[in-house]
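Asker: The primary structure of each chain is shown beneath.
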Amino acid sequence: MRALDLSLREQAAAVAAGDIDPSELLEATLARIADRNPAINAVVETFPERSREMLAAAPEGPLHGVPIVIKDEWPLPWRAQRFGAAELLAPTAPGESGPYRALRDAGAVIVGVGNMHELGAGSTGNVSVYGPACNPWDTARCPGGSSSGPAAAVAARLVAGAVGADGLGSVRFPAAYCGLTGLKPTFGRSALEGHHMAAITSLIVSGPLCADAADCGLLGSVLFGEDLAPGDPRGLRIGVVRSAVSEDVAPEVRAACDSAIEELRAETGGEVREVELPDLELATLAAILAINGESLSGVTPQRLNELNPELSAIARGFIKYRMLLPAAAMVQSGRVRTLMRRRLAALFADVDVIAWPTIPAVAPPLEAPLVELPSGTLTADQANVRGAALANLTGIPAISVPVGLSAGELPIGLQLQAAWGRDEILLDAAAALERANGRRWVEARPPLAQAEAAEA
Amino acid sequence: MDQFIPAGLASLGIEADEIDLAVMNAAHQMFWPGILGLLSRDLSAVEPERNADLSKAPLQ
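Note that the protein sequences, when read in sequence, are chains A and Z. Quick note: the first sequence, position 359, residue 1520 per the numbering used here, numbers continuous. Quick note: the second sequence, position 53, residue 296 per the numbering used here, numbers continuous.
Just so you know, these hints were derived from the structure itself, not from any lab. C-beta atoms are modelled at their ideal positions from N, C-alpha and C, and glycine is treated no differently. Some clues are possibly wrong.
Claimed, not checked - In the SDA-like style, the derived pairs of lysine to any residue whose C-alpha atoms are separated by at most 20 Å in a straight line are:
id : chain 1 : residue 1 : chain 2 : residue 2
1  : Z       : 299       : A       : 1506
2  : Z       : 299       : A       : 1583
3  : Z       : 299       : A       : 1388
4  : Z       : 299       : A       : 1570
5  : Z       : 299       : Z       : 289
6  : Z       : 299       : A       : 1363
7  : Z       : 299       : A       : 1382
8  : Z       : 299       : A       : 1386
To be verified - Coverage of chain Z stretches by chain A, computed from C-beta distances (three or more under 8 Å per stretch; other residues unrestricted):
id : stretch
9  : 248-262
10 : 273-281
Just need the whole structure built from these sequences, with the hints factored in.
Answerer: In structure tokens form, the structure reads like this:
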């Protein structure tokens, strides 16, 4: 069915115009999931009857009749989230999460739950109680995490849009690894209620994963509950930072991102300015301490002595290690957060966006998620978090935009960050970049999604 | 350093097997140098942000 390969906005428009029967679209989507998902393990559960009921009750909203995948981080009325884990430290129950309500009220049809990295604690997606999700560009490689399933589902064109969550880069990493556009909204701007880790009050946001900026704008508008209207990014002031986030990067990633920044400058008639943003390493550590500290709320030593043995060894050990983190370091993290927020506020008086690679190297193998950088070999988690944590620590919005493919045909992403509440300019800049490169990268399809698209 | 993890766990009454300890030691090697650096940083001049609203720019 050709409709399956339309963009999110095209599917919505076609349903609204009566050109597509939403029931047929739903059934075709379920059939495609059944056909393609076994190769990528992106969708861990479908519930056809629930989806049909959702469609039957769907209001005439902006996503009326459009199939969406939602990350295993959000409860649904018929399903508690599992967070990709054999066990959670806080109890969960079925319910109406904020993203669920936003999708339902927009008329969307939730067709499946997306896989995720265990407990949201990884940038690769290779660890999950459901088994790893795989990257549609190369199923032996990581799709990125923790929103691994939502990203892989969109990249493989199971659906045109998915909802993830980003507490430390978890929308942006899989967007970059899978060649998608992924928006980490300004803190508090997108629907959040119902997250099982209610104690994590200052870092996590819900966010859209789609093929391009316009689709992210549509799904983002639904999650935000307000219209993210396209604007004009002419005269865009682009800040670049000379530090590890932009320089300790694989050469082909750096080349693609540098080219994209220049294309964006030229397309918008803007300028590129080198800016200073010291202490990024400190900000990364502060964000890691903040999210680990907040997640300890309500955790007791006794509880840790009763952990499910099916949790991964890494999860069990690290959960216990959190209990030993010094309180003084947590307090210092708060100071670092304040310091970086003030520095960013000053910086955003001079530039509209800051640009650096979303990920320093392309998707690593599932079996050994290591990356080779100029500084040496690092785990993908160590390397990836350096460029992502700042936005979560400070609350600013960020977006990952596809800007190329490696020699091995794996996607490369550029991250743009903007001031609080300026999510729209990120979408505008992403759209400008698409125009500049002729939509080459947002329309690139992984092998898994190419054959049937050609037949359609 | 070698005793930090077992002593910390024991003081809290948290049980750990060899695999837990191996993971914790790896985490410790990864994070502890940075934590020491963070603790040694004098941030006393950074005035706390009272009632911070992370959805907005800080009040200067």
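Asker: May I ask which of the numbered hints given earlier this structure violates, with the numbers listed in increasing order?
Answerer: 4
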